[in-house]
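Top to bottom, those sequences are chains A and B.
For what it's worth, this note's numbering labels the leading residue of the first sequence as 1, then goes sequentially.
For what it's worth, this note's numbering labels the leading residue of the second sequence as 1001, then goes sequentially.
A portion of the hints provided could be inaccurate.
[Stated by the list, open to error] The calculated lysine-lysine pairs, modelled on DSBU-like cross-linking and capped at a C-alpha distance of 30 angstroms, are: (1) A:K198 - A:K316; (2) B:K1291 - A:K131; (3) A:K517 - B:K1090; (4) B:K1224 - B:K1210; (5) B:K1196 - B:K1210; (6) A:K332 - A:K198; (7) A:K386 - A:K309; (8) B:K1302 - A:K39; (9) A:K288 - A:K200; (10) B:K1117 - A:K487; (11) B:K1257 - B:K1169; (12) B:K1117 - A:K219; (13) A:K118 - B:K1291; (14) A:K4 - B:K1224; (15) A:K543 - B:K1291; (16) A:K517 - B:K1093; (17) A:K545 - B:K1291; (18) B:K1235 - B:K1014; (19) A:K384 - A:K292.
In case anyone wonders, no lab produced these hints; they're calculated from the structure.
Computed from a prediction, not measured in an experiment: that's the story for all the values here.
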Amino acid sequence: MSKKIGVYICECGTNISDRINIDRVIDEISSLENVGIAKKYGLLCSPAGKKYLVEEIKKEELTHLVIGACSPREHEQTFMKVCLEAGLNPYLFQMVNIREQCAWMISDKEAATRLAIKYIRAGIKRVTLHKSLEKIELESNPDVLVIGGGIAGIEASLSLAGPERKVYLVEKTEALGGMTNKFAQLLPHQGTNLSIIKDKIEQVNNNEHIEVLTSSTVKDIHGFLGNFEISVTNHEQDSETKEFKAGAVVVAIGFNLYDPKEAPAYGYGEVENVINALEFETMSSTGKIVLKNGKPPAAVALVHCVGRKEEGYCSKTCCLYSIKFARILKDKLPDVDVSEFYQDLCLPDKSDQNYFEEAKKKGIHFIQSDEIEIKDINDRIKVKYKSAEGKKEELIVDMAILASAMVPSQDTPKIAEILNLPLDKTGFFKEAHEMLNPIATPIEGVYIAGCALGPKNIPDSIVQSQAAAGKILTTLVPGKKLEPEVKTAEIREEFCTGCQTCLSVCFYGVISFDEQKGISTVNEAICRGCGSCVGSCPSGAIKIKHFTYPQLYREVLEALR
Amino acid sequence: MTATENIKIEKPTKGASIPAKEGIKKAILGILKKALETESLDAIMIPVKVPETESYAWVLLKDTVLLENANPLPPVMTIQGGKVLSDLTKHGKINKNIAVILRPCETRAAVELFKLKQLHFENISLISIDCPGAIPLSEYLAEPEKNEKSFGNILDKWDKDDSVRAICKTCYRFSLPTLTNTPASDLHIGLSGNTKDDVLLIPITSKGEKLLEKLDLKPDSSLKKWEIKINEIKKIKSQRRKKFNQDFKTEISGPEKFTAVFDGCINCHNCQSVCPICYCQQCYFDSATTKLSSEDYFRRAKDRGALRFPLDTILFHLGRMSHMALSCVSCGACEDACPMSISVSQVFSLVGEQTQQAFNYTPGINRGETLPLQDYLEDEFCEVETPSECEPTNSNEVKENV
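Working from the sequences, and respecting the hints, build out all of it.
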């Protein structure tokens, strides 16, 4: 079929027409190969302009469309819709930016006009090489896999489960609740509020749309948004494997505590009555606060920032829970002398400052200190430290509670490998974008919530779980089909040498190696068309639809000619 | 396949000494013959003299009679051995025990191809050999007999001879044993710089050690004397290379001078087809994309006043360079193959070395390394974004020593 390209130049009010001699542009390009018609128009993006274009495409029986106007970022979608309305495949259209790239950039009208001619010529050349691309639709499964039955996983499950959406909640221990099971009281309001967690666990267990798989670990996950195939092993029941499908995954595998033994100066495991934060939570929730010899402590040191230097980040929650411990101690043992050894105080939330001021009023000492060393001294404990003034000081106590840093769960690397997720320098999962997309991952349909992303308190974990649930609820609508990216990468078998360089650059993990054929293959259903593999392929074996080498090469040639 | 199979990490200090009263060629062939006879090896891949042209071809052999015409270190490099090994093993590991004898640059090409998954090392005993250089192919073929003789002299004179190829004269990686966890070859043949001297078989990996054991050879000779000699030559050649880098850079820098180097190019693409690193199934520059319509040609001719045909000669060389510079092992195959005597290998080697330095990368000396473009280091971004502010990267650094 012969080509008939329509070229329409937008005056953009006077934005373009003032700075570019549009008539000359039309004059220059009208005679080019395949150009059937070249015209100008006042404002193509206006309702009248769009209507005009639809009529023109139909009347002139155009096979391709080139529009010289503003940035494609602004109106490419607008004109693609126009094409659809006029019955022209929207990928047989090319937008040329002669406003930002010519009119607004160059004050000399002659030079701007010359550049506009080159760019439009390039667009015309490019569009002749365009191919029609069709959108496809994929069935998608609305169910969700939640990995980790701590507070983040529980919240995500409760937010997601419903009559049209089943949630599989996989927990590796035998009970839900995660780290909160070990807590004595919850921040910020202490008291007997632990029941709110128990209530949530109750709600999960009573929810018929949530299938709780305890004592289970995720063995394998394959697939993509809307179509994940999952296998989970139960290690109680003879490693029985359960297989099911889900459309999205929430990773909420929480954290571990930094092992203070890694920093021997704290005396953990060596000096009696030096305990970590979770041990204190358990002690105060299950029994009395006593020393190894059964007597209550007369003086307690709370040591902040254990592992902060070693791990390289602040764990955000320790200041507040150390103050909580001090208050629990003061409540239970009114005569106890409590000292908090801190490096910097981190009190970021709105109720934190007040909580701290109250603690000070209760007579808790706050000592800014560094270089802490904990030693055994005649059945008591000597805390040696460097004060804020730089002096070497010491304090004798009976018990020292170490606020260990929160470190990534030991399961993080395994889950990262199964799902092909990146980790950051700290060893926690890496956000798709730390600021703009903090719970998403490079893998579409996989979200992370809670402490798996880094240290945080319960409210922040809940917020993230709700956010992940929100993302899933809006993308995986039951009954709605998914429309994958059309401009995907394609590997040409005859050129692929099987060097697998593309596998190492694919951010989305959609390329795999076909051992039998000895070549790489792209899963086009989940390819996002970023083009990294195309650039990395030493053999030029990968092409990306709509950005093929001939299209780009000819376009550039024309622009530079 | 693991990159770390059969690895011995300590630096070799001893080797098995083989007397070479009748010359090194005889000595090495004697050992190989023994390896075939005792079935320590199933076959050997080695250059064998082709009677008609007096040239050399790679032959996979197990017949000890054929071995008589073989030469472990021929005066010329006809086909790059790394490429040959890739041909043999590209589609998976082989099940026979095979030894292949490669020059250091060929060994390094093999390692680069291994990283590009174009070659498998299972069951291959890679034997590298000290190399004084190779005579330019065309010169050798003009007078094979004379050159065969003069190559014997080169082996006695080493660095003092000018009849080797230009790229060989400045080659300071002519000997291979390297101290890495996953070295390039399994066994190295050390030549002390005199054809009548003993030959040293230096085990580098445990695979190499086992091969010596099977041959009943004990690595009990010190490497001191050999090392001193190698380091002496290395020093001279490194200095020569440094001078070459400076001089040649001035000679080819800038668009005009650079274009002039390739002025004579006849677009035969020989350089690409003999290059071990150019492993694409089809070169982009041979594809239809680069051929334009006559209307396009006329328009371009009109714009420029005239148009040289075929198009994109310089683009071909630049494109090839951008593809393989990081892995270029300076083997000189491209220059040998150029009918127009363009100093291709010298240009590529110069650019390659500088590109490699930017990544602290030496191609082909460590099987365990990944290619710089497959290995993303966050601090590399600094080098791109704000070069003046960043500290030099050492994470990719490889110890390279004899």
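Hint-by-hint comparison with the structure:
1. A threshold of 30 angstroms between alpha carbons decides the hint, and for K198 of chain A with K316 of chain A the separation of about 25 angstroms falls inside it, so the pair holds.
2. This hinted pair checks out: K1291 of chain B and K131 of chain A have alpha carbons roughly 20 angstroms apart, not beyond 30 angstroms.
3. About 12 angstroms separates the Cα atoms of K517 of chain A and K1090 of chain B, which keeps this hinted pair within 30 angstroms; it holds.
4. Between K1224 of chain B and K1210 of chain B the alpha-carbon distance is near 23 angstroms, which keeps this suggested pair within the 30 angstroms criterion.
5. With a CA separation close to 27 angstroms, the supplied pair K1196 of chain B and K1210 of chain B stays within the 30 angstroms bound.
6. Taking the CA atoms of K332 of chain A and K198 of chain A, the gap is about 24 angstroms. The hint holds against a cut of 30 angstroms.
7. The suggested pairing of K386 of chain A with K309 of chain A holds, with an alpha-carbon distance near 16 angstroms, which does not exceed 30 angstroms.
8. In summary, the hint linking K1302 of chain B to K39 of chain A is supported, as the alpha carbons are separated by about 27 angstroms, within the 30 angstroms threshold.
9. Between the alpha carbons of K288 of chain A and K200 of chain A the distance comes to roughly 27 angstroms, so the proposed pair stays at or under 30 angstroms and holds.
10. For a cut-off of 30 angstroms, the pair hint linking K1117 of chain B to K487 of chain A stands: about 28 angstroms separates their Cα positions.
11. Only pairs whose Cα atoms come within 30 angstroms are accepted, and K1257 of chain B paired with K1169 of chain B is accepted, the gap being roughly 23 angstroms.
12. With a C-alpha separation of about 29 angstroms, the suggested pair K1117 of chain B and K219 of chain A falls inside the 30 angstroms cut-off, and the hint holds.
13. Distance hint between K118 of chain A and K1291 of chain B is fulfilled; the C-alpha atoms sit about 21 angstroms from each other, no more than 30 angstroms.
14. Restraint check for K4 of chain A and K1224 of chain B: not satisfied, since their Cα atoms lie roughly 79 angstroms apart, outside the 30 angstroms limit.
15. Annotation: proposed proximity of K543 of chain A to K1291 of chain B holds, straight-line Cα distance about 18 angstroms (limit 30 angstroms).
16. Between K517 of chain A and K1093 of chain B the alpha-carbon distance is near 15 angstroms, which keeps this suggested pair within the 30 angstroms criterion.
17. For the given pair, K545 of chain A sits about 21 angstroms from K1291 of chain B by alpha-carbon distance, which is consistent with the 30 angstroms threshold.
18. The hinted pair formed by K1235 of chain B and K1014 of chain B meets the criterion: a straight-line CA distance of about 22 angstroms does not exceed 30 angstroms.
19. Taking the CA atoms of K384 of chain A and K292 of chain A, the gap is about 22 angstroms. The hint holds against a cut of 30 angstroms.
The structure is inconsistent with hint 14 alone, although it conforms to all the rest.
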